[in-house]
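Undergrad: What follows is each chain in one-letter form.
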Amino acid sequence: MKKVILQRDGFFLFQDEVIPMKKYGIYFFILALSLTVLTGCSKGCKPDDIKVITIMTHDSFSISEGIIGIFEKENNVNVRFIKSGDAGAALNQAILSRENPLADIFYGVDNTFMSRALKAGIFVSYDSPLLSAVDDRFELDTEHSLLPVDYSDICLNYDKAWFKDRGIAPPESLEDLIKPEYKGLSVVENPATSSPGLGFLLATIGHFGSEHYLDYWKELRKNDVLVTDGWEDAYWGQFSAASEGVRPIVVSYASSPPAEVHFSQKPLDEAPTAAVTAPGTAFRQIEFAGILKGCKNPEIARKLIDFMLDKTFQEDIPLQMFVFPVNSKARLPEVFARHARLAEEPVKVSPEDIAQNREQWIEAWTINVLR
Amino acid sequence: MKTIKTRYSMIIAGVPLVFLAVFYFYPLIRIFNLSLISDGTWNLEGFGKLVSTPYYVRTLWFTTWQAAVSTVLTLIIALPGAYVFARYRFSGKNILQSFTAIPFVLPSVVVAAAFHALLGPRGILNTWLMNDFAFATPPIKLDHTIWFILMAHVFYNYTVVLRIVGSAWSRLQPSLTEAAHMLGASPWKTFRKITFPLLFPSISAASLLVFIFCFSSFGVILILGGPRYATIEVEIYRQAVHIFNLPMAAALSLIQICFTFVFMWVYTTLQRRASITLYPESRSATQKKPVGRRQKIIVWANILVMVIMLGSPLIALVIQSFRAPDGFSLVFYRAIFANRAQSIFYVPPVEAIAYSVGFAFAALVLSLIIGGCAATFIARGGKRITSILDPVFMLPLATSAVTLGFGYIIALDRPPLNLRTSMILIPLAHTLVAYPFVVRSILPALRSIPENLRESAAMLGASPFQAWMKVVMPIVRRSIVVGAVFAFTVSIGEFGATVFVARPQTPTMPLAIYRFLGQPGIMNYGQAMAMSTLLMLVTAAGFLFLERIRITSGGEF
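Residue numbers (this note's numbering), protein chains in the order written: chain A, 27 to 397; chain B, -3 to 553.
Hints are computed from structural coordinates only; laboratory data are not their basis.
Hints may be right or wrong, so weigh each one.
Claimed, not checked - In the EDC-like style, the derived pairs of lysine to aspartate or glutamate whose C-alpha atoms are separated by at most 20 Å in a straight line are:
| id | chain 1 | residue 1 | chain 2 | residue 2 |
| --- | --- | --- | --- | --- |
| 1 | A | 244 | A | 191 |
| 2 | A | 145 | B | 322 |
| 3 | A | 292 | B | 322 |
| 4 | B | 45 | A | 250 |
| 5 | A | 186 | B | 322 |
| 6 | B | 137 | A | 250 |
| 7 | B | 45 | A | 207 |
Claimed, not checked - Partial list, computed: chain A residues near chain B (C-beta under 7 Å):
| id | residue |
| --- | --- |
| 8 | 119 |
| 9 | 166 |
| 10 | 169 |
| 11 | 286 |
To be verified - These stretches of chain B come out as covered by chain A in the derived footprint (C-beta under 8 Å, 3 or more residues):
| id | region |
| --- | --- |
| 12 | 109 to 120 |
| 13 | 140 to 152 |
| 14 | 234 to 240 |
| 15 | 316 to 330 |
| 16 | 510 to 517 |
Quick reminder that beta carbons are idealized off the backbone N, C-alpha and C, glycines included.
The whole structure should be built from the sequences, with the hints applied where relevant.
TA: Below you can see the structure in the form of structure tokens.
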């Protein structure tokens, strides 16, 4: 290799005259790799001959591969999914794209977001024949723009071993949490940023009434309740049964204990956690699906809605999403039947009430509990 | 001659400007229009509420001061490290340097888990203190405090200062400081009068990146700080997603963008004044093995800081991925390779790695092209135009992901820009966040090249392209690699921007980690930790690969 030497003011600058071609090879490799990725995806996005039906949903949605395969085979279609963040973010994106919908079906509006979805008018109604197998109390939207698919109860969970080791009685009611012996034991989620957080706030509103719920929260704050922004941080960061945390009471779902058993490392006879399901302590969250206005395949979309309400799909729901199916004919899997509890009398707060007061309730809660 | 030059600089400026116009300004304008104009009239209620509500004023103040304090702390801790990396050669240096950048790619939930395992109430340190020093309650209480936020920001950003300042420092000739020594200046005085002014451009570039990064901090604030702390970014998310108050979210986003622009403008002006051209030194001449006790102590002390500050949380994570309820086990690693739940959304790790790495390299190439053009233009362009364009080029870094994501939904929905559900949108969104790092890495090096070097090349008969390849390229090559490493890192760890872009089934590793953490059960937690460990490994491998490119190409500075 020859060197060029530029000399000036006593500073020397060395530089290779010839840079061998093979040293550029690596750059070409990177370029080729990225081009492959870029062209690869443009190919992947082209529609095939088979019709594609798209479901837009939130990040927590899941279903078995085989179940979707059944529908695809029967109807000669491809089912595609678009996941768009948490339930709130996904719904907002569906609303923003109403002029030119991203999907045919939206799955995952719950009863706290229901009025927002209905007000935006992004769904067309569909009287599915399969609604006959669904209990009327789930059909909150009588127009059937939104059809119930699954439900679950937001409630307190506690670490069984923690209470047993210390000989303290586990909590049985919301009132227990403000007793002195429960000081510093609970962790709840922020209703402004988390859907179990909002569910629990609604449970307290339903239980104590909209005049008195803040008094309860003030007591709870005095009793050193910890607030986190999301379920992940509460459960994986603070809850003593699931993490290095030190708080044995957490706001989660009544179906979390079976998930602990199902996702345990070794087979368990008994869940390490338990849910508080006493009357007036839980909020029932119902999830809905609907056909988007202006979608490309309304006919197949209706078939898919029927499929989602039918036994096959409904029986697959529990172990995929850890929620309960709405179809009363659907049989629960064993781990669910054994370890899952339903809230006995969940509190009642209507979607209209939620829509009207949601912002005020959250605002008042924020001022009284956080600031 | 002049027209050729103008056309040339127009092309150079055109590349980043077109990119920004299409993928940044157009979607932003669309979403602002939708949010702020209803029935043909402007709805500026949000702005009034912003100024009149003490809460928002406090939020803005908190956002600014925590970012400033985080930046200063990062500088204090990382500058000695940059010195050691610039001046000394020691074994394991490359691996150590790669590992300092690993925090950058980890999702904040995972970092929170690592810190909890280490410093939480039942963490390693507190358990030890309680057992051996008879504390009744955990003595270290960091959870949901400002200290946790600051610590995490230093943890994430250490590498930014180390790399950008380190690469500039290694170009400085030791003869300058040696001369000062010889003339009787104390080490402190030498640093103050010689080294610091010469390093100022790169120190300020790194500080700016750290500041903007912390200014728009989201996950760290939410998870480590808890709900009592909120930055503007967090507040935008609450308004846009949970309350669906788009006018308020738009108002906050605009405030955030304006603030960033002002910071950037001040910085650009400072930077221009401080810019000094100098003849660069080759690395072999500036780096030596530590000799004598003092130098060895300096090197080892810095390595120790890195291992404790950055290494211990990472090690805690790796340990968690092997720790099953009944002791050491590979069960979590075996589990991520099997679709036990039969879910249609199961992500085989190989596929997640392939998507992550593929997107990262695509984003890397795009960022180098766009960032390279932007930096070249700024380094050579007229004063007036660059003082506006330089801040503009930085804006995407500090723009709320949710605002931009919603903008994409309504703006990119028709041919020729029907990209809403296209895979291409992912590397494009990553590039938007990554290329500012490339600009800031390359620019100080480009500015330091004396004009007469290029002129001499021209005089000796080199074409502009030849002069660029033979004179400019060797000098900035190391900075380009630094930029490339950042682009790769930003892309592989990016979660914020893409979560709001409607995603097809192209799961990346951070996404897979979040999926595991979405449901209860020890297997989910363990698999998330195992996937995080894989993410660290893949990232480190990527860095070592990029570093190799730099070592094998000859003639560099």
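Undergrad: Compare the structure with each hint and give your call.
TA: Hint check:
no. : hint          : verdict
1   : A:244 x A:191 : violated, 29 Å
2   : A:145 x B:322 : violated, 52 Å
3   : A:292 x B:322 : holds, 10 Å
4   : B:45 x A:250  : violated, 32 Å
5   : A:186 x B:322 : holds, 19 Å
6   : B:137 x A:250 : holds, 15 Å
7   : B:45 x A:207  : violated, 43 Å
8   : 119           : holds, 5 Å
9   : 166           : violated, 19 Å
10  : 169           : violated, 21 Å
11  : 286           : holds, 5 Å
12  : 109 to 120    : holds (count 7)
13  : 140 to 152    : violated (count 1)
14  : 234 to 240    : holds (count 6)
15  : 316 to 330    : holds (count 5)
16  : 510 to 517    : holds (count 7)
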